[in-house]
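Q: Chain order of the listed sequences is V and G.
No gaps in the numbering here: position 403 of the first sequence is 403 in our numbering, and each next residue is one more.
No gaps in the numbering here: position 105 of the second sequence is 1105 in our numbering, and each next residue is one more.
Hints are computed from structural coordinates only; laboratory data are not their basis.
The C-beta atom is built at its ideal place from N, Cα and C for all residues, glycine as well.
Check each hint, because a few of them may be wrong.
Which residues of chain G face chain V? A partial, calculated answer using Cβ under 8 Å [said to hold, decoys possible]: (1) 1010; (2) 1060; (3) 1070; (4) 1084; (5) 1126; (6) 1127; (7) 1128; (8) 1178; (9) 1185.
If we take Cβ atoms under 8 Å as the criterion, some of the chain V residues that face chain G in the derived model are [as the list claims (entries may be wrong)]: (10) 130; (11) 197; (12) 201; (13) 415.
If you want the building blocks of each chain, they are given just below.
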Amino acid sequence: MTDIGTPIDWAPGFIANTTPKIVSGRFEFEDSFTIERAMATGAYNGLKAALAKTPAAVHDEVRGATVLGRGGAGFPAGVKWGFMPPDKWPRYLVVNGDESEPGTYKDRLLMERDPHQLIEGCLIACYATGLSQCFLYVRGEMPLAHERIAVALNDAYEARLVGKNILGSNFSVDIVLHWGAGAYVVGEETALIESLEGNRGMPRLKPPFFPAAVGLYGQPTIVNNIETLANLPWILSNGAQAYAEIGSESSPGTRLVAVSGHVKRPGVYEIVNGLTTFRDLIYGDQYCKGIRDDNELKAFVPGGGSAPWFTPEQLDVPFEGREASAEGSMLGSGAVIVMDETTDIPTAALSLTKFYAHESCGKCVPCREGGTWLEKILTRVVKGQGSPRDLELLLEVGATICPGDFPHASSSRLGLEAQPFPYKMTTICFVGPSAFAPIHSALTLFPEEFEAKLTRRDTIPLMSMPVADATGTDESVGAVS
Amino acid sequence: MRFFTSENQRLATEIIGRYPKARSATIPLLHLAQEQHGWISDDAMIEVGRLVDATPAEVKGTATFYEMFKFAPVGKYLINICGTMSCQLLGADHLMHHAETKLGVVAGGTTEDGLFTLEHAECQAACTEAPTLQVNYRHQYRVTTESFDQLVDDLAAGNLDGEIPPHGTLGRVRQAIPADKSVGAVPPTEVDGPPVWLAVEGAS
Ligand SMILES: Cc1cc2nc3c(=O)[nH]c(=O)nc-3n(C[C@H](O)[C@H](O)[C@H](O)COP(=O)(O)O)c2cc1C
Ligand code: SF4
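The shape of chain V in the complex, shown without the other chains (with noise of 0.2 Å):
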């Protein structure tokens, strides 16, 4: 056991000081992601007690508890479930294994920690709804949560807890496990299918391409979240109505939310959903303790680098997705970022569009077009190089992307009311508005910021310049800067 309140040295990051866990209960165990260790501590009791069902039941336990997405969308798994037509076959089960939203740290943890936890909830999600085989797609750049995996899986084969026949029953599945390759946007999960299918990990049109409907090889296709699955094993082994007494009506359970950036103890913390406030999680002593060096809370990215950011006006702002939205922002991936006193917004924002705008994948004009722009010019605003009208600009080439209102957060200081999420978009994806997300906040609750980058210059080193002295003799003066 480990003292309550200390990161755990082998699961980087991790504080374990939060009570109930439903995902990161394994964790405090160093051995925590082998099948001894596993089977010692009720692994596959909610496997046990899914197969003591039918699939029908199952499915509606997973309904009744309301397991909302983990991966972003914060949709809900039963109801996702449910959309599948049911009269096509096969159906598959896609793993999103791809964590890479700025910010986003807990999936990797879950695969690194727990493998036999995901490998769990993935068979139940199998079993309640009849997907005939599961693709488990983790990011590439993750090499230590493959070996995990891929150990964990063969053990479990081995065990008859994976494969044909499982625990001798009727139900059989295999997990493959799958390499991504590095790409941000693969994540999503129309293009996470394409390039599961083998092609550039673009993203296809939804409709017609919602993935329960028309998903991998054109069948009904299940994508979920690591962290959604990992919850499963819980939810059949304490059912449904414990799992809802926990957290808010609407947003039951727990989550895993990685902090980052100027706080005492940045970690991830498994929170209980729905009812812990920004302020419980950035000040709370048994979260992040406060602002590094006491400074003062500049703004913070309640959900991952995509998410319109907050100031400290929305610490009170509880982890519920209607709440978030309603304040002009959104919970995402369960990342906060977290900036102090002594940030440079503009310069915070440009790291976010980079990333963005780098991780186009090319198919829509403004998004293309648009990110690379956005960075381009915030980078000579950034560099004292932009001109007043740079600003202007940055929002006109937003609005190509997000016409209409840009959500963001209210600002007395500012007298500004917030607009809420979500906005309007010309793109096939989010990333197009992700790249512009962080400059509209920036530059919407910081407008000063960006003021005094255009009336300061970087130095320009001049070449020295011939002047013609009193004397009249004509001698170099030297460089001027």
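Using the hints, position chain G with the ligands against chain V.
A: Relative to the frame of chain V, chain G with the ligands by itself:
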């Protein structure tokens, strides 16, 4: 001459067999090729295409989309320094500048001895442990200029050979599905009804 060694040829066949359509094995096979050769050559793409029933151009189209595939030799150690927001807030730009100075190359370059390639990278899913970098995709957390120098020296001296395999090797353990316990992949066109446990128990 076949591109893959006989052992890798066997692995390739096994991997292809796991998917309902061979084409799905494109990325895993490209990884296998990169593991064998250090980077992806035209010969590798031609061979992968032959194995998954795609043209070389289609394989190249796929391969070039993904950042991990390299089409020219890179150093034995690929050092990726994360520059995305959480790391940037804690000094990633400073770290990159330091790394460029220490290695004597700019981001994108390879040292003359062929040991190190330095790259700017995007979010590495280790944001709470910023600033981070990866060496051949193995994470290093809370990197300082001192720990960076130590890391480079250790890599050069071979002290980390046990932990960090050369570029191209991803997992050192692979999934192996035993034939007698496997359900097997079936092309989607050959399935025309619900799986047996659902057919018996009733669909949801
Ligand atoms: C650009 C983009 C990137 C995404 N990246 C991820 C990701 O890395 N992991 C993930 O689970 N979902 C990601 N998503 C969300 C997926 O499209 C999808 O909604 C999710 O995997 C569904 O699983 P869930 O319902 O369990 O959350 C991304 C979405 C977009 C638009
Ligand atoms: S929004 Fe960008 S990343 Fe998404 S499909 Fe369009 S071009 Fe590709």
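Q: If a hint holds in the structure, say so; if it does not, say that too.
A: Evaluated hints:
1. 1010: With a closest approach of 17 Å, the residue 1010/G hint is violated.
2. 1060: violated (10 Å)
3. 1070: violated (11 Å)
4. 1084: holds (5 Å)
5. 1126: holds (6 Å)
6. 1127: holds (4 Å)
7. 1128: At about 4 Å, which falls below the 8 Å cut-off, the nearest Cβ of chain V leaves the hint on residue 1128/G intact, so it holds.
8. 1178: holds (6 Å)
9. 1185: Holds, about 7 Å.
10. 130: Check passed: Cβ of residue 130/V comes within 4 Å of chain G, closer than 8 Å.
11. 197: At about 6 Å, which falls below the 8 Å cut-off, the nearest Cβ of chain G leaves the hint on residue 197/V intact, so it holds.
12. 201: holds (6 Å)
13. 415: Result: violated, 28 Å to nearest chain G Cβ.
In this structure, the earlier hints numbered 1, 2, 3, 13 are contradicted, and the remaining ones agree with it.
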